[in-house]
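**Student:** Given next are the chains, with one letter for each unit.
Number of protein chains: 2
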Amino acid sequence: MGSAVEPVGQADVIVIGAGMAGLRAAKELIAAGRTVIVLEAKDRVGGRLKHGKVAGRAVDLGGQWAGAHHSELLAEAERLGVPGYKQYQDGDSVVCLAGKRTTASFGVPDWPIEALTEVALLKSRWDEEMATVPADAPWAAPKAAEWDRQTVETWIEANLETPEGRSLARAVPRSAWAADASEVSYLWFMDVLRSSEGLDQLLGLQGGVLDTKYVGGMHLIASKLAGELGDRIRLGTAALSVVQDDDGVLVHTAKGGFRGRFLIIAAPPGPIGRIQFDPPLPTLRDGLQQRMAMGNTIKWWMAYDTPFWRDQGYSGQVIDEDGPVGVVMDDTQDGDPGMLVGFFDGEHAVAASGIDQDARQALVVSSLVKFFGEAAATPIGYADNDWSQEPFTWGYIGVMGPGAMTRFGSALREPVGRIHWAGTETSTEWAGYIEGALRSGRRAACEVAMRDNG
Amino acid sequence: MGSAVEPVGQADVIVIGAGMAGLRAAKELIAAGRTVIVLEAKDRVGGRLKHGKVAGRAVDLGGQWAGAHHSELLAEAERLGVPGYKQYQDGDSVVCLAGKRTTASFGVPDWPIEALTEVALLKSRWDEEMATVPADAPWAAPKAAEWDRQTVETWIEANLETPEGRSLARAVPRSAWAADASEVSYLWFMDVLRSSEGLDQLLGLQGGVLDTKYVGGMHLIASKLAGELGDRIRLGTAALSVVQDDDGVLVHTAKGGFRGRFLIIAAPPGPIGRIQFDPPLPTLRDGLQQRMAMGNTIKWWMAYDTPFWRDQGYSGQVIDEDGPVGVVMDDTQDGDPGMLVGFFDGEHAVAASGIDQDARQALVVSSLVKFFGEAAATPIGYADNDWSQEPFTWGYIGVMGPGAMTRFGSALREPVGRIHWAGTETSTEWAGYIEGALRSGRRAACEVAMRDNG
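Residue numbers (UniProt numbering), protein chains in the order written: chain A, 1 to 454; chain B, 1 to 454.
There could be a bad hint or two in this list.
Heads up, the list lumps identical chains together, so a pair's fine if it works in one copy or across two of them.
[To be verified] Think about it this way: if two alpha-carbon atoms lie no more than 30 Å apart in a straight line, the pair counts; the simulated DSSO-like pairs of lysine-lysine are:
#1 Lys42 with Lys255
#2 Lys42 with Lys143
#3 Lys100 with Lys255
#4 Lys143 with Lys100
#5 Lys224 with Lys255
#6 Lys224 with Lys143
#7 Lys86 with Lys370
#8 Lys370 with Lys213
#9 Lys53 with Lys42
#10 Lys86 with Lys53
#11 Lys224 with Lys213
#12 Lys123 with Lys224
#13 Lys213 with Lys255
#14 Lys123 with Lys53
#15 Lys86 with Lys123
Bear in mind the hints are in silico, worked out from the structure with no lab data behind them.
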């Protein structure tokens, strides 16, 4: 495959992917004295972080929040001098589950006592069950086989009784990983729940996973990190094939070959399958890539003259398992227009991907009117970003259906010769979050540095 | 994307894939007066049909059997003058299910009456349930939602009692589609069971799906069909990207661009995801491709001086749900050495893919000794083919986990602009069989011819 042709670039380590995982891996390797070239298929860095503008304000078309426990991300933002601010949370949340709209003060919705009890028990049961899943080998959990042959939906139907409890349980994989309960494995779910420290973190705003946002946008952190790497990053340079021999790895692109002694692939597992490997990847690795579909999400913003919901006593937070818009949050910044941000997730994202943007805006407006009243009917701006239509990304987060984790999961981080794997899906903590991406980049860089003594 | 460059090839219709579906589509379009170019990534035609040799005899490394109801395949073989012969079936079968080895005369194993009753009831229940699945829209079956959120394994545990019944039920998706019960959707399974006319056909030799084989090999049919197409077929020409505009489709390859007014993609859904599309495929289509992993299979042959099992009263047929070798059949031809052919399927194929060929041979020998006694310990030849390691194919048959059919199934045959889809997975009858591939090729050719009036 063109091995006779001289490579156009050569480095100790080639990194495929300039998302947060690839950028972090490159940064660490340079600090360790290695030369690095980062190949990025898109014309921009950031991967699942992406710059956008709504009503004149910079917004994050992709990943946006740093969780309170996201230590590496919080530190990186501080190091790069990007100022953060807390997620607004004063007032009542709107909770639409099991066909009923209620409001929740201090996080407790106005539900029958049986439902509140069931949710409390669910939380402790999940805390206990997820604690049995080994972080570095979820496929070896005591109940791995039993949990991996059923979907989360099957589990819900067999184990929960109240409509509210079932509805909330369904909202968790959908809002956190953009995947429906009926398509993901219960073992995979217990593993990512463990990696996110459980329901309290997942449902929390300040103090939880939605703690902090950044002025100018989270994507600034990716841009600044990329700035430090300079011309080591090659944009618009998609890897077409990877040829591995005893001495190193040659990555073919339309702009020529890039040779390194090692290769880090920092991309979601599914899209990695687009690359042709010579020799072919082991069956376990290839099978894994075939079995991690990307969850579907469309992120949207709606701008208003003022954050009118605040005056009505609402925090702006909504969980709606019944309608097309699953999660809403206040995204107003000081001195800016009122801004709400939210998501179509899972099957709602698939459906909304098939209609045009105007029709999606109308759907969001009608949901917001249901949540906050008629004042929501007159926005001054709208934008959205359909991640399922994003080339080289294909969706939001790689998820696992039944059978994938127990049979193919062990390939997730296992190097293949001189190829090492990064990306948030490979992280043992905060898989699916920016924090997971950063940690995976550091881990992959470490693996290579330990093998590669110069 | 290089649209400024003159295409190196131009035709009414471009076909990607020279397996049986693509070859059949091309043949039909030529008969209808269209010009056609077939782009094939591999250096050979046939797709999942492949030529091999064991102990001096030609064998089929891939698809081998024509079922008694495979009308289009049987007719094609006759038209092309390839002589068929019946699957040998005299004598007892060996049945290893639920930890017990028994023999079966006339297909009825020596089981407790409860087990025999349960299997009989299972057959009629599946016959009834599969009849409720609309062939052209399985996602609209009355119980689609309920069936698609569970795996076949979950269904088995909830609905079957005897170890033998459960074991047999698990053997069906594994032996027919190389997929484990714990990873596939019950709705998908009901649909492919319907498309294969139910358990009687699937478990049958003569009169069933394993009725007829061909002297010289099934792959001869692909070669002869390809011979009729001549230099319209371009081997070693992988599609890298597909650019669609109002007038047609441009397929980029390393050997230049190929332009047609229409494009038929005749490949398994997963590997199609390797191609870059501009504009991107709709979310439904892309999501489907991400959710149809290829089942895992390793096909093997073992040659002996004589077919010694026949003298011992065995047919050579084995179903073994307990050991690594799931299915064995007699593959002896007149005047040749004794030959057994069989498969590692599903999780057994994944495990066996990780060891070398000598170790696989030892595994097969020890299984054959268990089935047929010590005479099986001294073979004169062995070969195998690991389909999970086959470039551009990735496995055996695309299968669906929970959630895929109800949410993404409608994209299976739905044209995307000027792109039409073929391949056995897209067939409403005999999906997963060579017959399904042929029928899908004819259907896709028809669709294009109906739109394209010259």
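**Student:** Hint by hint, note whether the structure agrees.
**Tutor:** Results for each hint:
Both within a single protomer and between protomers do Lys42 and Lys255 lie at most 30 Å apart by alpha-carbon distance, with minima of 14 Å and 24 Å respectively. Proximity of Lys42 and Lys143 under a CA criterion of 30 Å is satisfied in neither setting, with 41 Å inside one chain copy and 42 Å between copies. Taking CA atoms no more than 30 Å apart as the test, Lys100 paired with Lys255 passes in neither setting, with 56 Å inside one copy and 60 Å between copies. Taking CA atoms no more than 30 Å apart as the test, Lys143 paired with Lys100 passes between copies only; the shortest distance there is 26 Å, against 35 Å inside one copy.
Only within a single protomer do Lys224 and Lys255 lie at most 30 Å apart by alpha-carbon distance; the minimum there is 25 Å, versus 40 Å between protomers. Proximity of Lys224 to Lys143 under the C-alpha cut-off of 30 Å is found in neither arrangement, the shortest distances being 44 Å within a copy and 52 Å between copies. Taking identical chains as interchangeable, the C-alpha atoms of Lys86 and Lys370 lie at most 30 Å apart only when both belong to the same chain, with a minimum of 26 Å there against 67 Å between chains. Only within a single protomer do Lys370 and Lys213 lie at most 30 Å apart by alpha-carbon distance; the minimum there is 27 Å, versus 64 Å between protomers.
Within a single copy, Lys53 and Lys42 get their C-alpha atoms as close as 19 Å, which meets the 30 Å cut-off; across copies the closest is 46 Å, which misses it. Taking CA atoms no more than 30 Å apart as the test, Lys86 paired with Lys53 passes inside one copy only; the shortest distance there is 20 Å, against 68 Å between copies. With identical chains, the CA atoms of Lys224 and Lys213 are at most 30 Å apart within one copy only, with a shortest distance of 16 Å there and 64 Å across copies. When the C-alpha separation of Lys123 and Lys224 is checked against a cutoff of 30 Å, the pair qualifies neither within a copy, at 39 Å, nor between copies, at 63 Å.
Taking the closest pair of Cα atoms, Lys213 and Lys255 never come within 30 Å of each other, the shortest separation being 37 Å inside a single copy and 48 Å across copies. Proximity of Lys123 to Lys53 under the C-alpha cut-off of 30 Å is found in neither arrangement, the shortest distances being 38 Å within a copy and 59 Å between copies. Only within a single protomer do Lys86 and Lys123 lie at most 30 Å apart by alpha-carbon distance; the minimum there is 26 Å, versus 60 Å between protomers.
Checked against the numbered hints above, the structure breaks hints 2, 3, 6, 12, 13 and 14 and satisfies the rest.
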